[in-house]
Structures are given as C-alpha cells and as structure tokens.
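There are 2 protein chains.
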Amino acid sequence: MTQTLEPTTVPSEVPTDSATGGWDDPTAPPVGPQPTPRDRMDAWLSGFEAALAARDPRRAASHFATQSFWRDLVAFTWNLKTVEGPAGVSDLLTAVLDDVDPSGFAVTEEPTEGVEVIEAWIEFETSVGRGKGHLRLMTEDGEDKAWTLLTTLRELKEHEENLGERRPQGVEHTLTKGRASWKERREIEQRSLGYDEQPYAVIIGGGQGGIALGARLRQLGVPALVIDSHDRPGDQWRKRYKSLCLHDPVWYDHLPYLPFPRSWPVFAPKDKIGDWLEMYTTVMEVPYWSRSTVRSASYDETTKTWSVTVDSDGESVELRPTHLVFATGMSGKPNVPTLPGQDVFRGEQQHSSQHPGPEAYAGKKVVVIGSNNSAFDICGALWEHDADVTMVQRSSTHIVKSASLMDIGLGDLYSERAVANGVTTDKADMIFASLPYRIMHEFQIPLYQQMAERDADFYARMERAGFELDWGADGSGLFMKYLRRGSGYYIDVGAAELVADGQVKLAHGQVSRLTEDAVVLADGTELPADLVVYATGYGSMNGWIADIVDVETADKVGKCWGLGSDTPKDPGPWEGEQRNMWKPTQQENLWMHGGNLHQSRHYSLYLALQLKARYEGIPTPVYGLQQVHHTR
Amino acid sequence: MTQTLEPTTVPSEVPTDSATGGWDDPTAPPVGPQPTPRDRMDAWLSGFEAALAARDPRRAASHFATQSFWRDLVAFTWNLKTVEGPAGVSDLLTAVLDDVDPSGFAVTEEPTEGVEVIEAWIEFETSVGRGKGHLRLMTEDGEDKAWTLLTTLRELKEHEENLGERRPQGVEHTLTKGRASWKERREIEQRSLGYDEQPYAVIIGGGQGGIALGARLRQLGVPALVIDSHDRPGDQWRKRYKSLCLHDPVWYDHLPYLPFPRSWPVFAPKDKIGDWLEMYTTVMEVPYWSRSTVRSASYDETTKTWSVTVDSDGESVELRPTHLVFATGMSGKPNVPTLPGQDVFRGEQQHSSQHPGPEAYAGKKVVVIGSNNSAFDICGALWEHDADVTMVQRSSTHIVKSASLMDIGLGDLYSERAVANGVTTDKADMIFASLPYRIMHEFQIPLYQQMAERDADFYARMERAGFELDWGADGSGLFMKYLRRGSGYYIDVGAAELVADGQVKLAHGQVSRLTEDAVVLADGTELPADLVVYATGYGSMNGWIADIVDVETADKVGKCWGLGSDTPKDPGPWEGEQRNMWKPTQQENLWMHGGNLHQSRHYSLYLALQLKARYEGIPTPVYGLQQVHHTR
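So the protein lines, in turn, are chains A and B.
Letter 267 of the first sequence, counting from 1, is numbered 266 in numbering that gives the first Met the number 0, and no numbers are missing.
Letter 295 of the second sequence, counting from 1, is numbered 294 in numbering that gives the first Met the number 0, and no numbers are missing.
A portion of the hints provided could be inaccurate.
One copy or two, it doesn't matter: identical chains are merged, so the pair holds either way.
Claimed, not checked - Pairs of lysine-lysine residues, derived as BS3-like cross-links and limited to a Cα-Cα distance of at most 27 angstroms, are as follows:
| no. | residue 1 | residue 2 |
| --- | --- | --- |
| 1 | K555 | K303 |
| 2 | K555 | K364 |
| 3 | K241 | K176 |
| 4 | K568 | K555 |
| 5 | K426 | K131 |
| 6 | K182 | K303 |
| 7 | K426 | K238 |
| 8 | K144 | K241 |
| 9 | K426 | K182 |
| 10 | K504 | K176 |
| 11 | K182 | K131 |
| 12 | K303 | K144 |
| 13 | K176 | K144 |
| 14 | K182 | K238 |
| 15 | K303 | K426 |
| 16 | K241 | K182 |
| 17 | K156 | K238 |
| 18 | K131 | K332 |
| 19 | K176 | K363 |
Calculated from the structure, these hints are not laboratory results.
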C-alpha cells in the first residue's frame, strides 16, 4: 500500500562541501594523450581484480577513495551492506574473499564522463553467481579511486531463471500415453502444495510485495506459498476508498517480468492496479491462498523449520516451511492512540486503514486526526462527498506537489523522458541503488529547494491558512523521510488546496480527549464530530512478528525500516541500510519484505536469490549481520 | 484458432533467375569515392519526394525498377494494396497523390547493405497521418531503383493513441464534488454501451482477432463492442482438446501493447493462452459481451448503419453499429461431407471442431477422415488415451517438423536470436510485410529444401508407412499453403511419428459411405468405427456472412482468404493481397478480420485505423477496391 518516491539526480559531481569530506583537485595539466574514460575504468577494474585474485584486501581497498562507499546486494556479503572507505572495504574483503572468489570484472558499455566523476556499468562473477554493478571513479591524489561501487547478485550459476533463451518449451514434441496437460499439472500442484508437499517459504501477505516475491520464487523453482486474507489478489487496493490512485507514477511501479503497457495511466486508479495484481498472480502462476490468515507461527531450532497455523477459508491448515517472510506492509500495524473519552464518544471512530470511504458521511461532521498522506486523502474524499471536515494537525508536515515531484524528483530515472534516454527500469533501479544512503540527503536537498521555488505561491497559501510545513530535518525532503521513518509527508494530488482555501478546516495541537459528540484539543478547542478518523500512522513491521510469533522474537528482530539517521522517528546509530528489510535478521529463517512498488520489484530479486541459494544448499555466510539497537 | 508460420528469410539478394525478371549487373568499376548506402537512400528518397511534390506520377514511378513492388497498408490507398512496376506505381499515384499529399520521407536509422540490395527503415507523412515504411533499392541500368517499397499508416494526426508520453494521467489533481472514480466510469460505460450508447463497430467473435482489434479501437477511442458466445474470453482455446498447445512460438504470438513476459513458454498450452486472453481483455479494458451470439444482421443503405440482433445471455438486444466486423475465425464454417449411410451409422459422428477431446474414447475404434493439422492433433491425443485410431488420407499433406520450421523458417524474424539481434516484434512484422506476395514463394522454396534435407530420415519413414507427402504446388511449403488456402499441412509436434511407426493406422482414398458400424472407402476397405471424426476442414469466411446477413451479401463480398495464386483451392486471377481480409470489401461497412496471432496483432492496426478515420469523418477514398472473382 505504501507509496513514495525516490531521489533521482544522478551525481556527476562529488559534493565538495560535503560533510563526508573533500579531496585534492587534480589541477596539474595533463601531459601526453589523455586516457579515455574506458581506459581509466579498465585500468581500475584490472588493478582491483588483481588485488582480489592475490587475496590482498588492503591492496584492493587502496583502490577506494578516502571517502567512498561500496554497496553490496547479496553478491559478496549474502546481505544488503554498505561499507565505507578503504578500512570498510578491507574489512569486508578480509571476511569474504576466499568464499566469494570474485573474477571477470569488465565494463559492459561505454563509460560516461561527468564533471568530476566517470561512471560505468560493470559485470563480474563470484564462485556461485553472476553479478552486475555500477562504478563511479573520481580522482584523488592524481589517481583514479572508486567513489561509489555497487555490486549486485543477478543469478546463481546452474540455477538461472527460465527466461528468454531458457524459457520452457510448453509442449513436448513426443507423444506419450498418460501425460498430464499444463492445466492438469497446475491443478495437481494447487491441490498438493501445503498438504502433500510443504512450501519451502511461506509469504505472509499477498499485496504487491508478496506477489512480486512469489513470482520471482516461482521463476526460480522455489516452492513458496503466498497467504492473504482478502477474497482475491488485488483486493488490498480495491477495498480502499474509491478516489484513491497510486501516488507513484507508472514508470516507477512496474512489477518484475511483466511491465505495464504503454497505455497504462501515469497514476493507476486503485481498482485498475487491483485488476493488474490479480491477473499478474494468475499469469505468473504465483501459488496464492486467498481468504487465508496466518494465525500463529513458531520456529523449531532443532528442525530449522516453522510451524505455521493458517485459517484457510475456514479450514485450519498446518504448514511446515523452512522460511517465513513477512510481507505484511512496511507500514506495520496501525497506531491508534488511547484517549480519555473514547468510550463515551457516540459517533464512529476508526483508524485511517479502516476508513470505508466517504459515501456514508455526506452532511456529517468528521474530524481527521493527523495531517499526512492518509489524512489528506481521506479529507479530500470526504469533502468531495459533502462531509463537514476538520483536519487536526499535531505536528508539521512535508508537502510536495505531485507534478513537481515527478518532474524534479523522479524525472531523470522514472519518466517517459528517462525511457527515451535509454534508462530502462533495471538501469533506473540500479542507478538509484548505487547512491549511498549516507550522503543521499546531500543530493536531495537541492531538488527540494527547486520544488520550494517552483511552488512558492502554493506554500505561501498553505502558511497563510495556518498549515505548519517542514522539509525534513535537514531539508532533504520526501524521499529521505520515506526511507528514515516512512511517514511525515503528503504528495499533493489536490487535497492540500482544500486546506489552503479553508474548505477543509484546520485545527492544531494534540487531542486531549473525546466527549460524547466532540474532539477536544489541548488548547480546549472543541470540534463537534460524528466520525473521528485516526490518521495516526503505523508501528514498526515487527509488530506483526509479535502478533504472529511472539514478543520475544519481535524484540530479537527489532525495529524495521529506517536508516538510523538520528532524525525524528529514526534514532541512531547509523545502520547503513534499511533495518531488517530484504536481508537476514537476528531470527534465523525469518525475513521482512515490503515497501512501494519499486522496492517490491527491485529488492524482491535479492530476497529471492537469498532464499534460492538456501533452497539449493549453496553456502550463504552472512557478512555484517545487522545488530539490533531498537525493539520498536 | 488459426496457427501458422511465416517466411522470414530477409532477401539481400534479388532472385536472378526469378520468373519476375532479371536485370543488368552493375559491373563497371566505380570511380571516385563510393556513395554510402545512406547517401544512396537519401538521394532516392529526395528524388522520389520531389516528384511527388511536383505531382508527377510518371517521374515518381521512374524511381522504381522494371520488376518492383510497392505495398501500401492504408497510408496511400485506404486499402491493403500491392502495385507492380512503374506502371502500377504511376496508376496508384495518379489516383491518390492530391489527396494524400505525402512528404517528409527520411530514413530513420542507418541503412544496411546486402549483396545486391540496400535497405532502409523510413518514415513519412501524409495529409492526415504519419507513416513508417521499408525500402529496398537495387541497381538497374546503373541507377538506384526501388525494388520493394512498403508504406504503412501508423497514426492519424490529432488522433494519436494515448501511449507513452500521451498516456492518461489516471487521476485529476483537482478535487471536485461528485467526480466518478475509474471503477464507476467503467461500470457506467458497461451498462450503457449497446443500450443508451450505440457502438460504432460491432466485432463478431472474441478470440485473439476480436480481442486484438477491440484493444486497438479502445486505445483509439472508437466505441466498439466484441460479441462472443463463450462463457469467458479465452474459452475459444480452453474448450479445445486438452493436449493442445500453440503451434506458433511465443515471439510470433505477442498481442498489441502487452507482450508476453520472458518467462512465457515457447508453445503456450491452450489453457495458459486462454488465461492470457481473459486477463488481456480485462487489463486493456476491451468492451466484451460473453455468452452472446449474433443471430442476424442487416444493413440499411439509407442510414448507413447495421441492425444487429444479439442473444445476450438469453436477452435479445438490438444493436445499431455503423460497422460490422467478422472476426469469426479465418477458417470459416466447418465443412462436413454428405455421405451415404450417415443416417444409419450407429456410432458418433462429429466435425473436428466439435471433437470434445479423447477422454471418452479409450478402447474405442475411431476413424479420423483427413490428414492435416486437426487430424494429426486429434489422432495423437486419441492414441495417448488408448483409442484404436485410423487416419484416412484423402490427398497428400505437407508436413514439417516444428523444430525445423522454427529454426529455418522463422528464426531470423521471430526467435530469441532475432530479439538478440534487435529485431523487435514490430520490425519483424514490417520486414515480413515488406516481402511481396507475388515472389514470396521464391524465397520460401530454398527454406523448405533445407527442411527436407535436415529431416530426410523422417520423411523417408513417413513414405515407407505409405503416407503421401507434398511440399505445396511449387515446393514453397507451409506458409504459402497457409496464405493461399489456409490448409493442407501439419506442423509436426509428435503425432506424425505415430503414423510413421503404425501406432496410428493409415488408410487411403475417398470415403464412399458409412454402414451401421464402419466407414467404407472407395476401394471397398471397411474401417470399423465407434466414432467418425470429420477433419475435413472449413469453408470460406463469407459462409458466416451468409448465415448472419444473407447469401446475397455473402456472394457480393465473395471468397475470403487466398491470393489468387492459381494453385489448389486458391483459384486465379492473381489478387495481390489476401482476399477481403482487413480491408474494404464490396459490402460497405462490412469487414473481415482473422488469422493467427501474428496477423491478429499486425493487421488489426490497419483495420483499426481504417475504422478510426471513418469514425472521425476523415475522408477515406479507397484505391483499387478488390473485385470479386469467386463467391466461395
């Protein structure tokens, strides 16, 4: 359900006044013929590879700049991991080099040259797989050094996906008596999975995350089962309020294998994306149990398997998977505040996630507590249906206009313009993944400054209406808020204007209590209400673990999402990657999957490869398993 | 349901011993710097365009070789039309030049050079649209002349499809009271189309042809309605015998807008393609009435509209479209022979199209009359289910092994290899469309000679088993048979081996009569039978017109399909294009659409543009309307 956006400015300049440090400019004029970017890349790669082959971590690390970042997605670390500077590189390589045995580093297309950086797409191999990556070189002390390196595992040798040249035949060209048809084989499989045959992985939650992961595991031949409580795939979207459209644009939202057609709307209406998810589940043959709810799960340390109790359309089924994946939504469980008077209030109260849509509330007084995405969406729809709506703003909110965000924030990577420039979805995902979280805010700040200028009139009107705005703790805007806390913003698709011109009323402050027919704020303001909507956000995903497994396991896994940026709702220390997402956790064989459609698409690849490797018995020594600093 | 394959060898050599004539070789050594293929193409195009601008058909025609072919798909002629030689070109241009006002001819990528031919992708404009094309130049009397020119209309100006940059927003960023959601608008549309709002076109038949055309018209904003008798889209495939898989490979089968994923099997099982068609209909929002049958239709010459009576799930509905499209299958109505004794035979008799599958016939004696695709498929499935099967061969059959056909016949255009070489589906379709029907057999003959060599053992075994083989009237093989008569072949996916080794028994000759329990052949052979399957083919598509409109209209439209090649079942005179398919017929506002998935994809574009132009009131003067030489 989550929707958010990403930074897309591709740095060709190293931020020179960066908190992460500067370096000497190579000011001496070059002598003789200049090496081409290709020459420089080739030289760096062969030097790096020679050091790796010599099993010399220090020499390999000397190829990195003082301030540099190596982000590895599963290829070297069986983890999602960013290490920093030569010391970080050396530590990583010391731990993994013998196992990984990397080789075959090469550029895959002509490198490009920016102001201070040259960059290239690369490929490489490990002992067990093939990888792709992205490399940016800068000059330090007259030498080419890596500034950013991204390495990603793309496939396991001898376990490649059956795509393109490897796609199945679909038919056998020798007739044999008693052979089963595709349909019969599908029916047999559907009957036996979960009964006669145990899934290797159970995925709890069949929204975009569970479906994308299910599709990848299907392609990889890993028996997996997606469990979802709704009647049909896609109902996760269909059941929401009727005016909802995706806030993220189509180029950002493609699922693996089967991109949307060129006729697909920029912002898909909820029922249309629901239909797509349903058809995708069928066409990609994702094993999927609808009307099924996981009641409980427990892990047996001896057998290394889970016992999962499922209510499957009224029948209790016991599953015994090796792995358990929570794809229950990165938003986690709803936060509903406890307030005096909730028991005496005579009207309706509901969390935003339970809001059935505006139809029943024409002419009613509605108080929406909160001022982020859900609050605005719900206020807007209620206003459209002639409710009398008041929004209660408890703290400042970051707002950007959808069109500005698309254009300035996203356009270089995910847009028709990007497509025309040859930026495929995979390339866009990889470019984005190549930007280190540690310095990402520095690239974001100027983008949001542009948006502030472009929409200055709008922001002035919002302020005149008394709305409290912010741009994130360091001015880095929406996407950093998304990565750090997953909340605190609204992508304006129209409802902000209703607040600006007073059609949706605005109140401020904490809620102190409810009376029989009103919400009372800290300053004593009384807001008469027939309905109170708590658009008060969500807890950490590990709340689902507490519910389904137990509190101990939830605490052992710890807080999910966030970077440890030491900004509101994202306490430090610095984590380097998003907490617990798509990577090994402190609980063996338990995984967290989630996020927007982009993340469901891209990170499902790495999670699927981690599961596939374990399924095939390939050793997966994890480098740098995440430590837990916060339990929720 | 139709499945067949296409010629794909891209000629870089003009066939010098061709029946269509030879020419002088440019043997004089070149003097000075050679013009590049690009120079030569540019020079030809600017010379041609200058002659067009000067409204000088003779001068424009002088740019064509003595033996040359201009195939136009709708751009110049509002027809599918091939003209031959300078005289043909001159005639065409004299008729259309003022209306079409062509301009802007330019190559769109670097031309390529073959042995005697250079070729290029081109673009151009007309007064109302934008076109793409393909041009092959050869040297005649020392000058570059067009050998083949393909021109195709791709879009109408100011009526471009809403794709890519023009895709819909999906959401309005201004909230307004009472706005309908996407789902509500879809529901309103579904309720009103055919009742409060009349479709501009009614498409009879909702297989791949009707669905592809429906999707294109939807994208073009032409109100159209697909009428189909089955319960669900895709049932056209699902309801066939269980072992059926497509005989055409995935690369050949993509539908418009939404290609199959890279995981799709080479030969899709029937239920899988059924699921795809169903999901495609939903996702592309094709207006589609299931469980609906067109009972009758009549044309009102005064109002220029059709009255169409539909049994829609038990309710009789009267539709008043302007256009009526028959997408009822290019195979036409089943041919069932009339034989003495059919009334006394005690077993079952069924046309191949009615065959329910083999399950009920284990241990039964089955006589299958016919020896083409359907006969082999049915015999094979019956054998797999332990029936005692005899095939009656009445005339020779052309057989090619599927793997050889894929590799030799199709691989250059439709294969993973082609994809890797940058041959997109659209390019493959255009290259194929650029090969003139008149000389196509000349390029086909050597391919089938290769197949005969490669599978010589197999053919020897078939002959030893007494099977009568042929390679088409002129040795040009399967695809020419498909284009000429749509029958007379089997793409071997395994069942031929059963005949070769006698597991399916073979008998020969015409059937003279049936007894109570046997089929009697002309030579007196009696074949005991519990079931007789008439795999005896299909009539011309205009048989559907006779049923639904009347015999007079069917005769007025005439025979459908075929080229007028003067080979068996395809009487002359030469037509130049396939009879009545995807182009104006002698019956105003009546159209025929059909063919395999490739044709449903590619030719639906031109039919959709013809309908769109009429819908928008754009003049569509037809050049060279087809004459009718045969009524069936």
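For the identical chains here, do K426 and K131 meet the 27 angstroms Cα criterion within one copy, between copies, both, or neither? Only inside one copy: K426 and K131 sit 11 angstroms apart there, 29 angstroms across copies, limit 27 angstroms.
At most 27 angstroms between alpha carbons: which applies to K156 and K238, within, between, both or neither? neither (42 angstroms within a copy, 40 angstroms between copies)
Reference check for the pair K131 and K332, CA-CA at most 27 angstroms: within, between, both, or neither? Cα proximity of K131 and K332: none, with 36 angstroms in one copy and 55 angstroms across.
Evaluate K176 and K363 at a C-alpha cut-off of 27 angstroms and name the case that applies: within, between, both or neither. between (69 angstroms within a copy, 15 angstroms between copies)
As a check of your reading, is K241 near K176 (CA-CA no more than 27 angstroms) within one copy, between copies, both or neither? between (52 angstroms within a copy, 13 angstroms between copies)
Within, between, both or neither: K303, K144 at alpha-carbon 27 angstroms: neither (44 angstroms within a copy, 75 angstroms between copies)
What label fits K555 with K303 when the C-alpha limit is 27 angstroms: within, between, both, or neither? within (17 angstroms within a copy, 76 angstroms between copies)
When no copy is named, should K504 and K176 be tagged within, between, both, or neither for a Cα gap of at most 27 angstroms? between (73 angstroms within a copy, 17 angstroms between copies)
Can you give me the call for K182 and K131, within, between, both or neither, at a CA distance of at most 27 angstroms? For K182 and K131, neither the intra-copy (37 angstroms) nor the inter-copy (41 angstroms) Cα distance is at most 27 angstroms.
I want to check one pair: K176 and K144. Are their C-alpha atoms no more than 27 angstroms apart within a copy, between two copies, both, or neither? Cα proximity of K176 and K144: none, with 64 angstroms in one copy and 58 angstroms across.
Tell me, please, which holds for K182 and K238 at an alpha-carbon limit of 27 angstroms: within, between, both or neither? between (31 angstroms within a copy, 12 angstroms between copies)
How do K555 and K364 come out at 27 angstroms by Cα distance, when the copy is not named: within, between, both, or neither? neither (44 angstroms within a copy, 69 angstroms between copies)
The earlier numbered hints that this structure contradicts are 2, 6, 7, 8, 9, 11, 12, 13, 15, 17 and 18.
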